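Here is what each chain is made of, one letter per residue.
Number of protein chains: 2
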Amino acid sequence: MSKLDNIMKPKSIAIIGASNKVGSVGNELVRRVIEFGYKGNAYGVHPTETSILGLPTYPHIYNIPESIDLAVIAIPAKAVSGVVDECNQAGVRNIVVISSGFKEIGGQGIELEKELLAKVTQYGMNMIGPNCLGIINSNHDISLDASFAPLQPVRGTIGFATQSGALASGIINLLPTLHIGLGQVISLGNQADINALDVLEYWEKDDNITQILLYLESIPDPQKFREVASRVSKTKPILAIKSGRSSAGAKATASHTGALAGDDTTAEGLLASCGVIREYYLRDLFNAAHVFDKCPVPKGKNLAILTNAGGPGILATDTANDVGIPLAQLSETTKQKLRDVLPPQASVRNPVDMIASAPTEHYAQCADILLNSDEVDMLLVIYLYITGKNDLPVLDNLEKLKAKYNNKPIVAVYMTTPDLDERISQELPNSTIPIFNFVVDAVTGLSKLCQRRDYLESTKITTPTYKVNKPLVKEVLESASLQNIHTLSVAQSLQVFTAYGLPTVSWGLAQNLADAKNIANKCGYPVVLKISSTKITHKTDVGGVIVNIKSEDELAYHWQNLVTKLNKAGMLEQIEGIVVMQQVQGSNRELVAGVVKKGENGNQMMFGLGGIFIEALKEVAFRPCPLSYTDAKALVEKTKAKNIMGNLRGNKAVEQEKIIEILLRLSQLVSDFDQINELDANPIMIDANGNVFVVDARIVIQTD
Amino acid sequence: MSKLDNIMKPKSIAIIGASNKVGSVGNELVRRVIEFGYKGNAYGVHPTETSILGLPTYPHIYNIPESIDLAVIAIPAKAVSGVVDECNQAGVRNIVVISSGFKEIGGQGIELEKELLAKVTQYGMNMIGPNCLGIINSNHDISLDASFAPLQPVRGTIGFATQSGALASGIINLLPTLHIGLGQVISLGNQADINALDVLEYWEKDDNITQILLYLESIPDPQKFREVASRVSKTKPILAIKSGRSSAGAKATASHTGALAGDDTTAEGLLASCGVIREYYLRDLFNAAHVFDKCPVPKGKNLAILTNAGGPGILATDTANDVGIPLAQLSETTKQKLRDVLPPQASVRNPVDMIASAPTEHYAQCADILLNSDEVDMLLVIYLYITGKNDLPVLDNLEKLKAKYNNKPIVAVYMTTPDLDERISQELPNSTIPIFNFVVDAVTGLSKLCQRRDYLESTKITTPTYKVNKPLVKEVLESASLQNIHTLSVAQSLQVFTAYGLPTVSWGLAQNLADAKNIANKCGYPVVLKISSTKITHKTDVGGVIVNIKSEDELAYHWQNLVTKLNKAGMLEQIEGIVVMQQVQGSNRELVAGVVKKGENGNQMMFGLGGIFIEALKEVAFRPCPLSYTDAKALVEKTKAKNIMGNLRGNKAVEQEKIIEILLRLSQLVSDFDQINELDANPIMIDANGNVFVVDARIVIQTD
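Quick mapping for you: the protein sequence lines, in order, are chains A and B. If you read the first sequence in this note's numbering, its first letter stands for residue 274, the second for the next number, and so on. If you read the second sequence in this note's numbering, its first letter stands for residue 274, the second for the next number, and so on.
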């Protein structure tokens with residue numbers, strides 16, 4: 274049984290802090306409970322009153338002559354702890370603490386919250402809050418509004434959990450205009466005990482909740498969030514706002530990956546990886562929720578647009594293009610069927626423009642033809658009231674088609690009279706077609722359905738596990754650890770990468786010129802020299818990297834030069850040798866991959882455009898580790914880095930799968946070895962023939 | 274007098290095609306004219322009726338016993354031409370042709386439109402349409418609704434001109450919910466005579482119109498559009514949608530600039546250059562119009578956020594960051610004033626969070642403090658109805674502050690009861706604070722005010738004219754023209770660039786090795802060899818570019834090699850010599866600039882990220898030529914190219930002004946010489962010290 278069961282579906286509740294003072298929170302709470310028609314038994318707790326708004330009221334919770342499933346507490350912060358003792362005495366196991374004055378005010382509030390949580394833990398209680406707006410369950414069997422939101426919510430089947438209580442109140446106010454209803458509302462408050470994750474797991478199993486909306490200011494326990502959200506979003510859509518994007522600054526670290534891992538970029542990757550549909554704005558969250566509430570997830574993403582006006586059809590096409598929805602390519606058969614119905618001035622290409630005079634029947638017939646065709650997965654119907662008002666008959670027909678084609682989303686854009694909502698509620702009260710004023714909201718909503726479709730498809734793909742030389746890496750890392758090495762040398766890092774099957778360039782560690790010549794011969798000229806050291810981390814700064822060595826003579830010359838220079842600088846002792854490596858030729862296509870660990874949003878892989886452009890262009894994306902195949906593919910496709918992987922001015926394209934494999938092997942490596950703290954594969958180069966090489970490696974391990 | 278004067282403010286009108294048939298366009302038109310309360314004299318024209326809905330009606334327009342300012346024609350396309358003859362007979366000089374069946378249907382319709390336009394021209398008439406919804410002037414002195422939009426428009430002072438008539442109708446339907454009123458509506462139809470430009474010029478001088486909204490599917494006469502729109506937008510805001518973005522594909526041409534000049538990217542640049550605020554979605558167009566309708570243009574862009582709830586404050590901060598609005602940094606003085614008013618739990622940092630209990634007075638006092646401070650240019654007030662409903666008193670106070678601080682925009686986000694609009698219209702009917710449900714719409718609206726503020730500021734900046742060697746370029750181009758040269762040689766192009774003061778690398782044209790050595794010594798090694806030819810345009814393909822020549826020996830070697838190779842290939846005759854040029858060292862920061870001429874949106878300059886990334890990353894922007902200083906600056910700042918101009922891994926920043934000067938000099942060049950058809954300055958390189966060089970040049974001239 275979930276911690277939340279008796280909170281959200283209590284058979285009896287007590288309101289501690291109930292009050293007869295009009296306008297007080299304690300009075301509002303009682304009024305809400307009564308007016309919303311709570312189906313269980315409700316009591317008030319007040320020092321002196323015996324009845325509040327007709328609710329039987331007792332001085333202490335233990336005086337109530339019935340066992341209480343849930344206590345809702347709205348008294349000054351300092352008194353809460355004592356009341357929790359009394360709840361325990363009365364055998365109450367579930368509390369919602371509305372009172373503020375805890376962690377959110379800092380100082381003494383932090384102490385009060387610690388004390389409160391200690392008692393909750395000690396007594397084995399479940400708690401929502403403190404510092405919250407309360408909870409609502411609008412299911413008719415429960416009908417509990419234990420909140421001080423000023424209006425009653427429109428009832429529905431959406432669960433809304435929010436870190437901002439005020440927002441719950443604000444949204445409840447707007448529900449009639451948002452065209453959605455809420456099944457449950459949970460104001461999370463300070464999340465001292467129950468947090469967003471508990472709510473996700475609870476709603477996962479509650480059949481009355483069909484869709485989950487979250488407003489988060491931080492993601493609790495990213496690793497567990499990923500596990501839970503990935504699972505839940507397989508059965509129910511989760512749409513989330515994660516705010517505080519602008520304050521998220523990247524931390525200054527030595528690695529590129531670390532430097533680019535702003536809190537928000539990693540949050541973005543985490544949410545995407547779990548199939549959580551991230552929204553940036555409340556407007557878009559609720560528009561999408563409206564679409565999800567009433568539409569199935571489509572099989573494909575091809576959109577047909579049916580309109581009685583050209584302009585909005587063009588705008589819909591533009592918007593579909595903006596959000597990445599392809600317009601259905603209508604077959605000749607479909608076009609002919611449309612032609613048979615429509616006048617010659619109409620356009621039967623998608624968008625299908627029936628022209629301004631389109632009667633109800635044209636809408637019905639054309640929508641039927643489009644929905645019936647295999648080319649069409651989703652339908653957008655645009656209705657402009659121009660010459661005759663048949664908006665409701667058109668809608669009525671769409672409703673029938675929706676039943677007939679129940680796996681194809683239908684949304685509508687209506688630019689008709691402002692009393693539309695009213696007329697619909699009177700004449701077509703059971704209408705379930707989402708209607709928007711503007712094309713952008715409708716099409717953007719559909720794009721979120723497509724995003725969900727892609728997530729569900731992606732869960733069918735297995736992530737490969739590669740055969741690698743794990744013992745060798747174990748040995749390298751353990752030996753480094755024994756020597757208290759923080760950053761592995763180039764040779765060590767390349768050894769690790771090679772053991773994990775990464776496509777490193779040919780290389781070898783040379784101790785003397787003879788070694789170097791042998792290795793260079795194996796690699797083939799030109800070659801690169803790199804000092805290998807666990808002490809010198811910035812090889813370039815000390816002149817420790819020499820490129821474009823074209824012959825044995827040049828090799829000898831540079832080798833001597835380098836050794837002399839290091840000797841003079843007293844650095845010869847600090848190196849374990851000099852790596853000789855193949856130079857990737859004719860390539861200026863550079864990619865970068867890397868891993869940061871234990872950041873605010875958990876372990877994350879970065880991938881994107883490399884070279885001098887890394888920081889300047891910030892064409893990088895993050896996804897949580899371990900990567901799924903889909904995560905790796907998303908990384909490859911997310912940024913403009915993919916554009917340099919294609920055919921480019923005589924340079925051949927690299928197969929995307931090769932890059933995906935690199936990312937998955939790196940992910941496997943950091944999963945296998947928890948002691949790897951940071952990792953950069955930078956640069957990853959694509960040569961003119963489309964071959965890909967990891968050219969440099971940097972691995973930082975945990976030392977302590 | 275404008276062509277539109279007697280169309281939009283006629284003293285008398287005739288509706289040709291007026292009808293007693295309910296539901297017909299001719300009947301609707303008459304009904305609109307009567308119901309909207311037209312102040313002039315109106316007549317019907319119908320073969321047999323003598324009265325339509327009470328309007329005196331005559332068989333022909335010349336039968337009407339009064340001179341008619343405007344004829345509105347709604348009869349079958351084929352009959353229009355004859356009726357125009359009759360109009361002429363009757364001395365009518367202005368017509369609005371609602372009838373469809375012209376150019377938009379192709380074939381015969383094209384012919385009919387040509388015929389119609391010929392008559393209009395012959396008779397010296399002014400015409401709107403054909404194929405339009407009509408026109409509306411809601412000014413109480415006129416009160417003319419000569420359209421068949423189904424509803425009457427809310428009256429206001431916004432002018433809305435649209436290429437989609439249906440859209441006018443749709444928007445009029447939605448006006449009550451959009452909180453704006455329209456002063457004039459012009460459905461442009463096929464724009465055979467009067468087009469969007471005429472409308473702009475007309476509204477420029479009409480004091481009743483304070484803001485202009487456009488829905489365009491194409492931009493008529495880009496050069497004139499730029500001239501007119503730039504001028505009009507200095508006095509009145511122009512907000513425009515230019516649709517058909519997704520169908521705009523770039524044309525395949527030889528130059529990079531041409532290849533990247535998609536119709537929409539150039540339209541984008543054209544609109545921005547004129548100070549036209551481009552919107553992509555109708556929703557955003559009307560939200561911004563709402564803000565413009567009621568707010569002044571701010572002096573600066575610093576935004577203060579005043580809220581009674583933390584969550585929406587964070588969302589507003591995120592959104593401001595998204596749209597580039599800086600949050601005002603409050604001074605200690607301002608913060609202290611806020612502290613004096615607010616309880617200790619409140620936050621006096623911006624966003625100012627007064628907490629949920631904030632009474633009316635806190636709103637009033639804090640808003641006053643913020644508006645009174647120099648740090649604040651704009652104010653966003655967020656009101657969530659949580660514990661007490663004082664939404665209207667708060668609004669009332671804001672209204673008073675608006676009068677007091679009349680140069681600072683105030684917008685509000687209200688999440689209160691759904692009957693808010695109704696209550697406002699009853700209790701505060703004169704309220705002029707724009708109110709939105711969601712932060713994103715309010716903040717995005719404000720960002721458009723900021724965009725306008727920036728445009729108005731930019732018009733104060735003079736664009737420099739540089740001293741250049743124009744005669745030399747004239748000579749080069751004329752000589753090339755005489756020789757029928759299409760693409761100038763490298764040497765010719767560099768000569769032109771040098772004459773216009775562009776920072777080309779040191780270079781010279783060598784005819785023999787001795788020449789080459791001399792030039793190389795002047796340039797300093799390393800140098801580059803490039804064959805100079807007006808016949809061989811792809812130098813690299815024939816191996817005609819050799820880089821990184823480090824010494825006189827290497828120079829001699831490569832010179833001989835190249836000459837031998839060209840000789841073997843029989844190409845030696847096709848070159849005019851070999852250019853020897855300084856090689857920019859240690860640079861991989863490449864930019865690109867170029868000009869395309871006479872595209873769909875006029876002459877345009879492109880600027881952005883160069884190198885192999887040009888096509889892959891598409892980090893380029895376009896602005897019309899000749900460039901203003903502001904255009905040039907916008908080009909430099911618009912794309913991620915600006916990121917590589919900064920300090921980058923030990924490479925010094927380049928001064929932006931140097932790049933701006935390059936663009937302005939190129940612009941001056943193509944303005945001075947109309948025969949230059951295409952031009953690429955590619956690459957433009959930034960060296961490690963932040964010096965900038967134009968390394969290669971390509972100029973294509975008109976030949977005929």
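I should point out that these hints are in silico values taken from the structure, not numbers from a laboratory. Honestly, I wouldn't trust all of these hints.
In this list, chains with the same sequence are indistinguishable; a pair is considered to hold if it fits within one copy or across any two.
Unchecked claim - DSS-like mimics (lysine-lysine), calculated; alpha carbons at most 27 angstroms apart, straight line:
#	residue 1	residue 2
1	Lys312	Lys351
2	Lys574	Lys871
3	Lys906	Lys891
4	Lys915	Lys790
5	Lys891	Lys911
6	Lys838	Lys733
7	Lys838	Lys747
8	Lys891	Lys913
9	Lys733	Lys509
10	Lys662	Lys294
11	Lys392	Lys915
12	Lys747	Lys925
13	Lys392	Lys567
14	Lys790	Lys913
15	Lys312	Lys925
Treat the numbers as computed from the prediction; the structure is a model and nothing was measured.
Hints and how they fare:
{"no.": "1", "hint": "Lys312 x Lys351", "verdict": "neither (32 angstroms within a copy, 72 angstroms between copies)"}
{"no.": "2", "hint": "Lys574 x Lys871", "verdict": "neither (37 angstroms within a copy, 38 angstroms between copies)"}
{"no.": "3", "hint": "Lys906 x Lys891", "verdict": "both (19 angstroms within a copy, 22 angstroms between copies)"}
{"no.": "4", "hint": "Lys915 x Lys790", "verdict": "neither (37 angstroms within a copy, 44 angstroms between copies)"}
{"no.": "5", "hint": "Lys891 x Lys911", "verdict": "both (12 angstroms within a copy, 15 angstroms between copies)"}
{"no.": "6", "hint": "Lys838 x Lys733", "verdict": "neither (57 angstroms within a copy, 58 angstroms between copies)"}
{"no.": "7", "hint": "Lys838 x Lys747", "verdict": "neither (34 angstroms within a copy, 57 angstroms between copies)"}
{"no.": "8", "hint": "Lys891 x Lys913", "verdict": "both (10 angstroms within a copy, 9 angstroms between copies)"}
{"no.": "9", "hint": "Lys733 x Lys509", "verdict": "within (16 angstroms within a copy, 56 angstroms between copies)"}
{"no.": "10", "hint": "Lys662 x Lys294", "verdict": "between (52 angstroms within a copy, 17 angstroms between copies)"}
{"no.": "11", "hint": "Lys392 x Lys915", "verdict": "neither (54 angstroms within a copy, 57 angstroms between copies)"}
{"no.": "12", "hint": "Lys747 x Lys925", "verdict": "neither (37 angstroms within a copy, 43 angstroms between copies)"}
{"no.": "13", "hint": "Lys392 x Lys567", "verdict": "neither (44 angstroms within a copy, 55 angstroms between copies)"}
{"no.": "14", "hint": "Lys790 x Lys913", "verdict": "neither (40 angstroms within a copy, 43 angstroms between copies)"}
{"no.": "15", "hint": "Lys312 x Lys925", "verdict": "neither (69 angstroms within a copy, 72 angstroms between copies)"}
Hint check: violations occur at hints 1, 2, 4, 6, 7, 11, 12, 13, 14, 15; the rest are consistent with the structure.
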